[in-house]
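If you read the protein sequences in the order shown, they are chains V and C. Under the working numbering, think of the first position of the first sequence as 1016, with each following residue one higher. Under the working numbering, think of the first position of the second sequence as 1462, with each following residue one higher.
Hints were generated in silico from the structure; no laboratory data involved. Computed from a predicted structure; not experimentally measured. Virtual Cβ for every residue (Gly too), placed ideally from N, Cα, C.
Computed from the model, here is a short list of chain C residues facing chain V with C-beta under 7 Å:
id, residue
1, Pro1652
2, Phe1656
3, Met1706
4, Phe1713
5, Asp1772
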Amino acid sequence: MPVTENWKPKIVAFCCNWCSYAGADLAGSSRLAYPADVKIIKVPCSCRVNPMFILRAFEKGADGVILCGCHPGDCHYSTGNYYARRRMTLLFSMLDYLGVEEGRTRVEWVSAAEGVKFSETMNSFVEKVRALGPNVRLGDLRCKN
Amino acid sequence: MQELINKAKTLLESGEVARVLGWKKGEYEYDPEPAFFETSESLKDFVYNGFCGANLSKYMIEAGKKEGKTLVFLKPCDSYSYNQLLREHRVDREKAYIVGVGCKGKLAVSKIPFEGILNISGAEYPDAAETLTVETLYGTETIAYKDAMLERCHVCKGKEHVVYDELIGESADTVDADRFAEVERIEAMSPEEKFAFFQSELSKCIRCNACRNVCPACSCRKCVFDSTAFDSEQKANTTSFEEKMFHIIRAFHVAGRCTDCGECSRVCPQGIPLHLFNRKFIKDINALYGEYQAGSDLESKAPLTNFTTEDAEPGVGRG
Chain V
1016 MPVTENWKPK
1026 IVAFCCNWCS
1036 YAGADLAGSS
1046 RLAYPADVKI
1056 IKVPCSCRVN
1066 PMFILRAFEK
1076 GADGVILCGC
1086 HPGDCHYSTG
1096 NYYARRRMTL
1106 LFSMLDYLGV
1116 EEGRTRVEWV
1126 SAAEGVKFSE
1136 TMNSFVEKVR
1146 ALGPNVRLGD
1156 LRCKN
Chain C
1462 MQELINKAKT
1472 LLESGEVARV
1482 LGWKKGEYEY
1492 DPEPAFFETS
1502 ESLKDFVYNG
1512 FCGANLSKYM
1522 IEAGKKEGKT
1532 LVFLKPCDSY
1542 SYNQLLREHR
1552 VDREKAYIVG
1562 VGCKGKLAVS
1572 KIPFEGILNI
1582 SGAEYPDAAE
1592 TLTVETLYGT
1602 ETIAYKDAML
1612 ERCHVCKGKE
1622 HVVYDELIGE
1632 SADTVDADRF
1642 AEVERIEAMS
1652 PEEKFAFFQS
1662 ELSKCIRCNA
1672 CRNVCPACSC
1682 RKCVFDSTAF
1692 DSEQKANTTS
1702 FEEKMFHIIR
1712 AFHVAGRCTD
1722 CGECSRVCPQ
1732 GIPLHLFNRK
1742 FIKDINALYG
1752 EYQAGSDLES
1762 KAPLTNFTTE
1772 DAEPGVGRG
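Chain V with its partners taken away, still in its complex shape (with noise of 0.2 Å):
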C-alpha cells in the first residue's frame, strides 16, 4: 500500500473492562481528543488477550496494536494483569526478533481515573505508528501476500 498524505493507521486497543475501559470512557467524557484511528476492544481483563489476539489484529490489517490493563496490583480479578504482563514481555520480545518494528506493540496500565493518560497514550501510540506507516512485515514473514 503507498504511504500517501493522508493516509491514517488503524490501531486496534484492546481495554479492560475494568480500568483502561472506564479510563477511555472519563477521556471521552472530559472532552480530551485522542485520534479516531483508535479501535477500542473491550476485554474482561488484559488476561483476556490471547497472544494470537495480538497476531489476528495485524493480520486482519491493524498497522499498530496496544493493550491497556489495570496498574499492576489493581486487576479487578486480583492477579490477571500479571500474567498478561509476561506473556506479552514475551511475545513482544519474539516480534522485535522477528524483525516486525517495535513501536507497533505497546502495553499501558490506564486506571479508571486516568481519561488525561489514556488520550495522551493513544496520541504518542498513534504519532509513532503513523510514523512507521503501514505493517506490512508480519503479512510478509512468509513471502505470502
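Given the coordinates of chain V, work out where chain C should sit on it, guided by the hints.
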C-alpha cells in the same frame, strides 16, 4: 545394542511389559524409525545406533492408552520431554518401564555432504568411531563423527537421565558450542536484517506440520491448526492467518514447556532452524524470570503460569 535387545526380550517374555517402544531398521543404515515391538521375534529388526535421534517420549501418550506396560528407551534429552509430559498428566508413569540408554551424540544424515550415500559405518552404539566411513556411488568418503552431529547435540543438556527405571550404557559429553550464540547473533541484527533472515527461512516452509507432529510439547488432543473441514479440504490452507503466523503461534504455545529437544529442526524437510524460535523464548525466560529448564523436575512452577509483582514491563528497553 545387544544388551538392549536382551533386556527387551527378557521383559517381553516374562510378561512384565506388553510391548517395546524402540527404533526399527530402515532401508538404510541412516534412517531408523520409531516402532513398537510386541513379540520377541520382531525384535530382530530392533536397532540402536547414532542415527536413532527420534525422541520416543511422545509415543508414550498413545502407548498409555493400551493395555499393559510399555518398555521405552529414552536418551538423556528424551527423558526431559517425558518428564514434561508427566507433569502435564499426558502420560501414565505406572504404564511405562523406562530404560535410560546412553547416547554419544546423534547424527544427521543431512549434515553428511556426499552424494549417492549407500552405506555409513562407524555409527554403531556403543562403539562409535571418531570418523564415519561413508560408502557412496562414487567411492568411499570419511567425515568426523562430530561434524555430522545434530545441532542439538552440540549444545547437549547433559548425560544424566531425569527419569528412568534402569540405566543401560554410557553417555558421552558432546557440548562444544554456546546454546544461545545463534540467537544472540540474530538479536544483534538490525530489524531489516532480522526480517530478511526470517523471511528467507520461513518462506521455505511447506506447512507439512512435521514439526508439530513430532513435538512432545505439542500434544493437545485438539490443535488450532487442525481444520474441521472434511477430507482433502483439510489439507487446503483454510485461513491465511494460520499460514502466516503458524511458526509464531506454535513457538508461543510451547514457550515455557519446550525442553529444547530439537526434534522440530531435526524433522523439518526444508531444513528450517525452528529451534531458534524456541530458544529465543527460553533465553528470554532465563533472563527475565530466572533459569528454567522445562522437564527437569515435576514440582517447580512453569514461568508462564507464574508471576512476581516485580516482573519486567513489556517492551522495557525498547526505543
